[in-house]
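J.: Chains as they are written, first to last, in the numbering used here: chain A, 1 to 337; chain B, 1001 to 1337; chain C, 2001 to 2351; chain D, 3001 to 3351.
Calculated from the structure, these hints are not laboratory results.
Mixed in with the good hints there might be a few duds.
What the hints assert, rightly or not - Here are the computed distance ranges between Cβ atoms for each label pair:
no., chain 1, residue 1, chain 2, residue 2, range
1, B, Q1046, D, G3194, 36 to 44 Å
2, C, P2350, B, R1041, 35 to 43 Å
3, A, R23, D, G3050, 49 to 57 Å
4, D, G3325, A, S321, 56 to 64 Å
5, D, E3249, B, S1328, 25 to 33 Å
6, D, E3249, A, K320, 30 to 38 Å
7, A, C262, D, S3203, 24 to 32 Å
8, C, G2349, D, G3325, 49 to 57 Å
Just so we're clear, the structure is a prediction, and the values are computed from it rather than from any experiment.
No residue lacks a Cβ here, since even glycine has one placed at the ideal position from N, Cα and C.
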Amino acid sequence: MGNDLEKSEPMTAVNPIPTETMRWMYRQMVLIRETEEAIARLYHEQQMRCPTHLCGGQEAVAVGLCAGLRADDYVFGTYRSHGIYLAKGGDLKQMMAELYGKVTGCARGKGGSMQLVSPEAGLLCASALVGGTIPEAVGAALAIKLRREERVSAAFFGDAATEEGVWHEAMNFASLRKLPVIFMCENNFFAVYTHISHRQAEDNIYKRAASYGMPGVRVDGNKALEVYEAVREAVERARSGGGPSLIEARTYRWREHCGPNCDEELSYRNPDEAKAWMTRCPIQQLDQFLTQQQLMGDSQRAAVRREVLSEIEAAVTFAKSSPFPDASELMQGVYAP
Amino acid sequence: MGNDLEKSEPMTAVNPIPTETMRWMYRQMVLIRETEEAIARLYHEQQMRCPTHLCGGQEAVAVGLCAGLRADDYVFGTYRSHGIYLAKGGDLKQMMAELYGKVTGCARGKGGSMQLVSPEAGLLCASALVGGTIPEAVGAALAIKLRREERVSAAFFGDAATEEGVWHEAMNFASLRKLPVIFMCENNFFAVYTHISHRQAEDNIYKRAASYGMPGVRVDGNKALEVYEAVREAVERARSGGGPSLIEARTYRWREHCGPNCDEELSYRNPDEAKAWMTRCPIQQLDQFLTQQQLMGDSQRAAVRREVLSEIEAAVTFAKSSPFPDASELMQGVYAP
Amino acid sequence: MNRNITYYQALNEAIRQMMETDSRVFLFGEGVPDPKAIFGSTAGLQERFGPERVFDMPLSEAGMTGVAVGAALAGMRPVMTHQRIDFTLLAMDQIVNHAAKRCYTSGGRQAVPLTIRSIIGRGWGQGSQHSQSLHAMYAHVPGLKVVMPVTPYDAKGLLIASVEDNNPVMFIEHRWLYGVTGHVPEEIYRVPLGQANIFREGSDLTIVAVSYMTLEAFRAAETLAKFGINAEVVDVRTLRPLDETTILESVRKTGRLMVADTGWGTVGFSAEIVARVAEKLHGQLKSAPIRIGLPDCPTPTTPALADLYYPRAVHIAAAARAMLGLAAEELPETPTPVQLDVPDKSFTGPF
Amino acid sequence: MNRNITYYQALNEAIRQMMETDSRVFLFGEGVPDPKAIFGSTAGLQERFGPERVFDMPLSEAGMTGVAVGAALAGMRPVMTHQRIDFTLLAMDQIVNHAAKRCYTSGGRQAVPLTIRSIIGRGWGQGSQHSQSLHAMYAHVPGLKVVMPVTPYDAKGLLIASVEDNNPVMFIEHRWLYGVTGHVPEEIYRVPLGQANIFREGSDLTIVAVSYMTLEAFRAAETLAKFGINAEVVDVRTLRPLDETTILESVRKTGRLMVADTGWGTVGFSAEIVARVAEKLHGQLKSAPIRIGLPDCPTPTTPALADLYYPRAVHIAAAARAMLGLAAEELPETPTPVQLDVPDKSFTGPF
Ligand SMILES: Cc1ncc(C[n+]2csc(CCOP(=O)(O)OP(=O)(O)O)c2C)c(N)n1
Ligand SMILES: Cc1ncc(C[n+]2csc(CCOP(=O)(O)OP(=O)(O)O)c2C)c(N)n1
Ligand SMILES: [Mg+2]
Ligand SMILES: [Mg+2]
């Protein structure tokens, strides 16, 4: 599918990407991938008792986005937000504990995998309702503008979310008020089992930005650096008062829509297409690039793996050993004091 | 504003408009104009006790649309539907009686001006909710396609309705399924007192059709023939399986948003702009054209006026002399048998 | 000093004072800056605070409610207006699935300090899509607060309390109340959410009333007084959280319950009041409770039927007499001569 | 011949037979043609009737409900599915402002023969946005019908009656019922809308139950029988129009009322039942009525709290004992050992 991409080469000589940023992206992608893999392994123990949507294969989008954001910027996610939660700097222990329904979870066990939240990391809302957080991201951008802050706000959503009316309403208002928001569409071509061609008249998400007088670009969502560059441009525009941008990042989900398994046997996706995407693994691609550029060697690669795995192991242990919320918490927190 | 129109000349030599059609358009516009004027005069008697949105000045859009439709085609309107109701062939007596809340009304006095309906004329729904009938028109088009009929369905809506999410959702689905529907946007630049520039990022409604792979054109909504030609093209496309079209017809409301009065004193609209539009009266323009082409003379013009005025007088008499619904009707018709 | 102002002026003053004292408060909605200014309740505010903090919005109820929720999550305190509560149905996903859930589902770490103003009403052929009274739907949802002020005093005090509250509040006004006058202090004050108000003391029966129906109930009570019947009128004011204590106390005292609601009875707010009393005061009612509300059908536009659709003081009074076992009697219809689909100028307070 | 099939098979058969007998019927919704086929209820239908009459839809709940309303106005009989009732909140404007109003507001000249299937449920950490039971909101609205079948027999008979009905019907299924089995005739038959069902006869108290709670109530009744308490379980089946007669008759007989609802109690459906009984059977209850429903808070995801959130047979049985003035007693929890957030395989009928 490379051919239907706007640009295929990630690097511009003009404005090189800092090595640290690239190393960070690599590390975050490995962290996300290994976390999802660990969840996939452990889910069968049936101790994580909530619907769980893994993002394996799509890591470059969340990481490319967050690489371009500051710690105090806002992001809004979906039910598939493990990646964005971790990329934005959410605490892994708290995330794991949330999946295990423990009181030490990021939502004290009340939100589960679909509603991860990390106010301190800037993830203000992840919603189980498709499209639900898109206008909310615009609202956060409005808050930023009203307070004359330098922050930006990012809406992270899937291809099907653009079919919801609120997407259209949010795009229009964001552009009307020139708000500092980035619409990051993670186009993995599917809504559960339904291909985009059965849901959308045209496969042209990024082009629809024109309806709102907004710049829109399409990038290879499996190339972290390409995503990052588009984000960097959009963020500069937003911070300098230039208003919102739409980025369509095309990528692919490796596992089933919801749950820990793979589901080729359901054959709603073309196996060759799937294979093609998997050979274009976002992590391997960045790995190769860093290796070629001699920015990463075997020892570093191994170190990253070691660190990440022990972090995950620690998080799982923390989650499993944490207590469940006390019965008294059932009726607590319905209203804010 | 002529300059920001796609095409300004109504006539094409290729496919001339039948004289009968043009005469019919003239007559219908006069009928609608005089009906609205009569309502404006009579409203102060406070016998029409429901919110009433007049369409004076915008007649060419409804008439240009319906001139291109067949009697068995469907239309869906808004709370401002006197024009579309009459243009599509709705019964004037029943409309007047409805405004007077009489049992002889098109909705037995239960719908009022905002919810006119005429199943026999093909007006299936007019809604007091902005945008509400747009997807419904698409649904009727789906019914047409499922039944393999030759009809088309038309959604008639204002500029602000395109801000509603359902417009986006309806546009996408109509194009996805190549449904025989015409999206007729009556852009009078205002939502109540609010100019389009305060509501929409771009003044480009017709261009947004591209997002859905749908043809979109902008026409001078004060030129009935120009509207008609765009409709004729769209209808041909729809009937021949070519799918939906979007038409943006730019026009201007002469009176207040809701009610019988003019409201220059509120000065939310530029008086020069208003004057410019009024001098471009849709009826006068067609009148001039027909006169130039010697398709209409003074006697015919006078005859039309005479007929129309007596029709209206008869309708008002009918409405005023009709009985109110009986008390027993209050709880009737909540459910269909 | 006893200053009487109107309901809409009280709302206007509350918003102005909140915006003056808290830079996080902003106001938006269809028609907010327009010449009609939401029945005058937003008049002058854009001039005063500028188009950044006070603005109109696109016709995007769902999206704009989401914008408000997002701004609230980011630390602002938005006040949003809908010209009719019917329009809030387009925003139900944001209100019920999002705003109402955020605090609980974040383990209490987040708050959505959001006030959503909307308007219910009656009269002038508004019809089935423009005159619904849908507060019951919101009163059903934990995580939301639902407020319906009747007097100018409460309008200001409850609006200030709502804007200062850290939760999503459905603040529901009634078209026929904007012209009502009453005493309103100039300074900032609060009427706490969750407290009902004994609008009129009485001993023979309790009429629990919602929004505008409080005035019809009050008028009915005055009529009943002429027959020596002393009705207590309880203005619910806040439907959620509900002030069960005040209501139960009153019913315990009078032994009789009538509920006068602006909405439909079936699975409505009035059902909750009757159910609470049945559960908590079993065997203490001297007669069967009565619900006065809209008949179980949509709103007809024709005045001929609308006049029969909306319950008024006469119906409340008649029902009260029946409840007390008194013979049916022709009760004086007020106002007379009757034009029932417009507010009664002779009955605008001060309350 | 006594054929036992599952709830989802019964639904599937109903749709298939309706589509075979009436070319105006078509079926669409998210996931309708996908491998999971809405818990199997739409399996094979696209293969059988083709992609024109059976299709998936874009993520556009509001717009697609409008499409269904428009198709119905144009003479079709759409069957729409929503995978969760939470999603119908995006379509409230079309359902409440449009579908519910068309017949009345056209003076009875139009009909909207539309069936909207949606799903409620419990368990497996669905959480606050994916497990609400919002039927009360729809039961409040005149012009809508609301159906909640429990048995496979009713699932088929009520779905056929709904599709044949000329009004918008909210047809609400429960996730935990799809695997339940029961006797279902092969031929087309109807279970009339508006008729409750005495699910279990009894004399000591009446348990009016909604959807899945009918099974928990039934199980509770079996437990209570061991204590010599004979509970009558009334399955409401249709919430609107409501079969008041059957309910009142049962309560008149038993003199005791409990309502077991899948939703919230406050301003919920259970309030309506209690209110009706209070109005129509004043003084005839031997003890205060009891409502069993969800606590007044959103759904927590963690099983530790969800297990406390959803009422079960033990709670119903305990409440019944209390109502009858019997000493509290440790009641056997079924199923045991307990995994409360998944359906109990040992309790799938036949019903
Ligand atoms: C409003 C709403 N409608 C339907 C659903 C059911 N649903 C959950 S995820 C999903 C697919 C969404 O696809 P996409 O937006 O592309 O995101 P992806 O899952 O591919 O990451 C659907 C239909 C929902 N959660 N919310
Ligand atoms: C969903 C909804 N939101 C708001 C309103 C209030 N309202 C009635 S008409 C109107 C203006 C609509 O403008 P437009 O669509 O351009 O149509 P026009 O009145 O200009 O013909 C508004 C905001 C409504 N009726 N429905
Ligand atoms: Mg997707
Ligand atoms: Mg307009």
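J.: Taking the beta carbons of R23/A and G3050/D, is their distance inside 49 to 57 Å?
T.: Holds, since R23/A and G3050/D (Cβ atoms, about 54 Å apart) stay within the stated range.
J.: Verify the CB-CB distance for C262/A and S3203/D against the hinted window 24 to 32 Å.
T.: violated (56 Å)
J.: Are G3325/D and S321/A spaced within 56 to 64 Å by their CB atoms?
T.: About 46 Å separates the Cβ atoms of G3325/D and S321/A, which means 56 to 64 Å is violated.
J.: If I claimed the Cβ atoms of E3249/D and K320/A lie 30 to 38 Å apart, would that claim hold in this structure?
T.: violated (54 Å)
J.: Against the range 25 to 33 Å, how does the distance between the Cβ atoms of E3249/D and S1328/B compare: consistent or not?
T.: holds (29 Å)
J.: Do the beta carbons of P2350/C and R1041/B sit within 35 to 43 Å of each other?
T.: Holds, since P2350/C and R1041/B (Cβ atoms, about 39 Å apart) stay within the stated range.
J.: Given the hint of 49 to 57 Å, check if G2349/C and G3325/D actually sit that far apart at their C-beta atoms.
T.: holds (51 Å)
J.: Starting from the range 36 to 44 Å, see whether the pair Q1046/B and G3194/D falls in it by beta-carbon distance.
T.: holds (42 Å)
Violated hints, in rising order: 4, 6 and 7; the structure is consistent with all others.
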